[in-house]
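Chains as they are written, first to last, in our numbering: chain A, 1 to 817; chain B, 1001 to 1151; chain C, 2001 to 2146.
Don't read these hints as lab results, they were simulated from the structure.
Just to be clear, a hint being listed does not mean it is correct.
Said to hold, decoys possible - Straight line, CA to CA, 16 Å or less: simulated EDC-like cross-link-like pairs of lysine to aspartate or glutamate:
(1) Lys451(A) with Glu1079(B)
(2) Lys804(A) with Asp1035(B)
(3) Lys363(A) with Asp347(A)
(4) Lys2126(C) with Glu62(A)
(5) Lys311(A) with Glu294(A)
(6) Lys363(A) with Asp1035(B)
(7) Lys2126(C) with Asp58(A)
(8) Lys1064(B) with Glu305(A)
(9) Lys451(A) with Asp1041(B)
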Amino acid sequence: QSNTNSAAELDWVDTEQLSDIEKSQLPAGCCGTFVDPYSPPADALPVEQTPISATAHDIQAEGSRIIELNGQVRLEQGPRLLQTERAQVDQRTGQVTLEGNVTVREAGLLIRADRAELSTSSEDVSVDNAHFVLHQNRVSGSAGKLQKFGERLLKMQRGDFTTCEPNNAFWRLKARELSLHPESNYGTAKNARLEIADIPVLYIPYIIFPIGDERQTGLLFPSFSESSRNGIEYAQPIYWNIAPQMDATITPRYMEKRGNLLDVNLRHLSSYFETELDAGFLADDKGGYDRQAENDIANGELTEEEAYPHKGDDRWLVQLNQTGGAQSRIKTVIDYTDLSDVDYLRDITSGSTDLEYAANIRKFGQITYSGDIWNLGLSANEVRYLNESSQRPYKELPHLYANGRYSWGDWQLSIDSNYSQFDLTSYYQRPTNTLVVGDRLHSDISLALPKRWQWGYATPRIGVRDLRYQLDQAAVKNTSAAAGDSIYNTSPEVTAAHASLDLGLYFERWSQFGDTPLIQTLEPRLFYLYNGYDDQSELYAPLNDSNRALNFDTRLFRMDYNQLFRTSRFNGLDRIDDANQLSVGLTSRFISARTGEEHLALSLGQIYRFETPKVVLNPESPSEAFSYRRSEYVGRISARASERFRLSSDLVYDQNDHTLTSASASVEYSDASDRLISATYRYQRQVDDRASGADPDPDLVYNRSLDQLDVGAFIPLTGSWSLIGRANYDFTFDLELDTYAGFEYNDCCYRVRMMWRKWLNFDYNSGNQLETVTNDDYDRGFFIDLQLKGLASISDRVGSLLSKTIPGYAEREDNLQ
Amino acid sequence: CGWQVRGNLLPPLALDSVRIASSEQYTPLLQILTDAFVENDIDVVGAGEKAQYVLVLEDEDLRKRTVGVGTDSLAAAFELQLSQPFQWFDTQAVAVTSPLSAIVTRSLDASDTTGIEREQELLLDDMRRELVQQILRQSYFQLQPEQAAQE
Amino acid sequence: LPDDRKQDFQLQANQQTFDQKNGRVTYTGEARLQQGSLIIRADTIVVQFNQDNSVEKITASGQPAHFEQQPSVERGIVSAKAGIIVYDSTVNTVSLSQNARLEQDGAIMQGHEIRYDINRELVSAKGDQQRDQPIQMTIPPAVIEQ
Chain A
1 QSNTNSAAEL DWVDTEQLSD IEKSQLPAGC CGTFVDPYSP PADALPVEQT PISATAHDIQ
61 AEGSRIIELN GQVRLEQGPR LLQTERAQVD QRTGQVTLEG NVTVREAGLL IRADRAELST
121 SSEDVSVDNA HFVLHQNRVS GSAGKLQKFG ERLLKMQRGD FTTCEPNNAF WRLKARELSL
181 HPESNYGTAK NARLEIADIP VLYIPYIIFP IGDERQTGLL FPSFSESSRN GIEYAQPIYW
241 NIAPQMDATI TPRYMEKRGN LLDVNLRHLS SYFETELDAG FLADDKGGYD RQAENDIANG
301 ELTEEEAYPH KGDDRWLVQL NQTGGAQSRI KTVIDYTDLS DVDYLRDITS GSTDLEYAAN
361 IRKFGQITYS GDIWNLGLSA NEVRYLNESS QRPYKELPHL YANGRYSWGD WQLSIDSNYS
421 QFDLTSYYQR PTNTLVVGDR LHSDISLALP KRWQWGYATP RIGVRDLRYQ LDQAAVKNTS
481 AAAGDSIYNT SPEVTAAHAS LDLGLYFERW SQFGDTPLIQ TLEPRLFYLY NGYDDQSELY
541 APLNDSNRAL NFDTRLFRMD YNQLFRTSRF NGLDRIDDAN QLSVGLTSRF ISARTGEEHL
601 ALSLGQIYRF ETPKVVLNPE SPSEAFSYRR SEYVGRISAR ASERFRLSSD LVYDQNDHTL
661 TSASASVEYS DASDRLISAT YRYQRQVDDR ASGADPDPDL VYNRSLDQLD VGAFIPLTGS
721 WSLIGRANYD FTFDLELDTY AGFEYNDCCY RVRMMWRKWL NFDYNSGNQL ETVTNDDYDR
781 GFFIDLQLKG LASISDRVGS LLSKTIPGYA EREDNLQ
Chain B
1001 CGWQVRGNLL PPLALDSVRI ASSEQYTPLL QILTDAFVEN DIDVVGAGEK AQYVLVLEDE
1061 DLRKRTVGVG TDSLAAAFEL QLSQPFQWFD TQAVAVTSPL SAIVTRSLDA SDTTGIEREQ
1121 ELLLDDMRRE LVQQILRQSY FQLQPEQAAQ E
Chain C
2001 LPDDRKQDFQ LQANQQTFDQ KNGRVTYTGE ARLQQGSLII RADTIVVQFN QDNSVEKITA
2061 SGQPAHFEQQ PSVERGIVSA KAGIIVYDST VNTVSLSQNA RLEQDGAIMQ GHEIRYDINR
2121 ELVSAKGDQQ RDQPIQMTIP PAVIEQ
């Protein structure tokens, strides 16, 4: 082994000597990079067709066979440059032997060695005691014997490589056989040993690793994590690149307190469809550990089986997502999720849904056609609530819609029709004797005369809405009580006319903020809405008096700025609501006169009701908010300053009760030095709809106002250190939902993230769990993730957690690769 | 205080024809954008034809985030952030503007998820109208630098 | 060719001057010498004779002087040029200096000094160490019969 080459000999240039452009491309935490001094002639012909142009102190040519060159020998052949002390070229066989301080250079590749053999008629090179550098991939290393085949493939015996700086390599992968394919961005190693700070850490018989970012067939890097619920977890992902458009990641995952889970992710891309299948299967679950369950067993509240309901079960998850027809008028969507039990997502935190407190999963399929006039659609949808107590009774299969837009001159005819069949879903576990099922046809035909000018618009619209049902009693389940017989009209029908007038004006003036010229706009908007009233008492007790009010998929919109200009109070189609109201809205925007970017937009509005609406969803609980002549004030603020700052906020103030009904604000700040700060606040006042004095029904979730703040931050400090933190706090119940704090050390070729996390270990079926949270309901975990840049990351869990909870972090991760 | 009806301060966007090159076809946003151009007397030509400018749209990106947890410790409110990257090119496919983006954020109550899919579609439709307005406004100033900063 | 040395010399030039005393003949002005396939063209050629009247050494100089010979039937012609070309007949070697250039079968060598040993078909060249001028050489792609 020749003396260890100094960094400079490996084309390593420290930051100070780098040009500004090179400095800008420097990855975070690095204090230099490999700069390739050699750039072959652009039109270099392949090696075997190019003569060698050589220079040396002295040259000896014996006949036309052997040529010997001595003294600062330099051989240039098309894309390749060879430098050495002595060289011997056999013209007939094309064999070239180099000895003494040998350097082989190609674009982006450097090999230094004592001795090298190569042929003038091919790209192959064979070298002893070599050091090599792949400039673009920032990879450097050495090898007892190195062979280069064709364009770029490097095969090495007793080789090692790292992406760290040459003279202080934090990690190094050594292997008896190591091969690098920089053109296709991957490498393989046999009998590999990972050394961190020169200490052997991991022995791997065979491994495939990415040099660039694409994933390659083979063993990916194992990932480790620990949690009180599942104990030690070790996952060994295997990536299988089946075909150019199809790949699979099979991940056997050992969980100390549960057993072995097999997780398969299959992705397929065709010219029409993009499909992803995720499946997980855990045989004979050992139950895991739940401190709360242990307490319940200890104090006799629950037996072992009740505390650990899934012990011994086979548990599985299937998720299919497919979208089709990106380029075509006919588009398809499949979003299908099914589970062995609702607790799967909480217990086996493989997917990311657990981080979003998912409330429900769905089985959904849809095919749509978007024509120039008609948009048609056919879909089926069944929603399963993970909190079984709030499960809705109905599934919608099929749902057909046809929306048409005809226009002649200024006139515009709109036809919207929706046909759905509703039936009971198997997931509904409450008595069904008071429920009805059946088909619903809702249509809305309207004629409009939209007038538009530069300074404003006026859109009168008149139309009629029709709602008709074909009902019968639902099958009786989960109860011994019998269903009443159908004494009322089984095909109720409701029809009502509607009219609206939408007026808007645009005013503008010059304005200024600092030195940026702005245009400020003032946009008043009046929206008069008249919906005719038609008696809908038939729907309040459809088939007999014991029937619950008919409601397949409808509830009241919550009041906010969007609601001002909507034509209905309900988000579903089960009512034709009456209305006689005037909405007034005023928006002012501050637009940059240079870029047209909207820096600030302020909106304020209110609805003035000429009559109190009569149609309700459920006669027993009419919401008295509508009895007031004037609705709450609704406001919206949105601000944006280039890519760095964004704010959006909605406010609803109830002047009748002199209280704030709801306020939400989300602020995101990110700047050039990678600081990310985001704060999201949400307040939603909810009147407690329990009759005063009545004791709470454990099954029901009572409305308590929601008052939560979620702050996330990523603050780079000096050097390569950064602070990470998140606090998600609920003020109503004074408890932390999810809190973590930690740091990231980002060096040139590795990154360490350490984090302590305390998060609420929610149980789907505990009703209003936040009211009864005790210290035992929290899970605590210590996460550590060591990422060897260019090789792999030990645990992918940390990355996905940060990307999910700190907005902007995911984008930062993408451009970090 | 200098208020004037729109149209007096600045002349309308002087553009007669546009071709839209989008990574995905027949999307709701494309429909709204095409209508908006037509309303501003700018005709939208088909794929093969020549146009004064070409508007290149990348995929619409929807980021949905849980921003509120209900008493049942499940998601009670979502924040939808819809962004549409776009860029203008001339007929020789030379970039006329830098890569731009329109972005809009709305929150969606989910304490009771009945009918939330239809509600989300209504909200997204409203957000797409807002995106189209932002695209038109930014294009107004980016394509006509002489209008910009007249002051 | 191997039998070049048996052939006699043909010489022509604009002028010839004899120097009996030193056994030397100098040809100047488009001087040309031929012996079989060996041809030398230069401004001036000086032929030095031994006592036994055989040719000892030929020195040609020119801007540049040219040298040509076919070493054997199957080999390509060796052609060279340099400021000064000295052909030492006794040891059958040619020395070229002052930006010498020698070409054979596509292989071109250029440099300060080149020596060509015809018998052993050995060409060697030395760079000029002081002025750090290396020797340049173009080696043609090996024509290998697959």
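message: Holds or violated: lysine 2126(C) and aspartate 58(A), Cα atoms, limit 16 Å.
response: Holds, because 4 Å separates the two Cα atoms, which is no more than 16 Å.
- request: Would you mind confirming whether the straight-line C-alpha gap from lysine 363(A) to aspartate 1035(B) stays at or under 16 Å?
  value: Since the Cα atoms of lysine 363(A) and aspartate 1035(B) sit roughly 34 Å apart, the hinted pair is violated (cutoff 16 Å).
message: Can you confirm whether the C-alpha distance between lysine 804(A) and aspartate 1035(B) stays at or below 16 Å?
response: Violated, at roughly 36 Å.
Proposed proximity, aspartate 347(A) with lysine 363(A) (alpha carbon, max 16 Å): With a Cα-Cα distance of about 21 Å, the restraint between lysine 363(A) and aspartate 347(A) is violated, given a limit of 16 Å.
message: Checking one constraint from the list: CA of lysine 2126(C) to CA of glutamate 62(A), max 16 Å. Satisfied?
response: Holds - the C-alpha atoms of glutamate 62(A) and lysine 2126(C) are around 15 Å apart, at most 16 Å.
query: Do the alpha carbons of lysine 451(A) and aspartate 1041(B) lie within 16 Å of each other, as the hint requires?
result: Holds. Lysine 451(A) to aspartate 1041(B) sits at ~14 Å (cutoff 16 Å).
message: Tell me if the straight-line CA distance from lysine 451(A) to glutamate 1079(B) falls inside 16 Å.
response: 34 Å, violated
message: Can you confirm whether the C-alpha distance between lysine 1064(B) and glutamate 305(A) stays at or below 16 Å?
response: 38 Å, violated
message: So if I understand the rule, the pair passes when the alpha-carbon distance is 16 Å or less; does lysine 311(A) with glutamate 294(A) pass?
response: Measuring from Cα to Cα gives roughly 14 Å; hence the hint holds.
Taken one by one, the earlier hints fail for this structure at numbers 1, 2, 3, 6 and 8, listed in ascending order.
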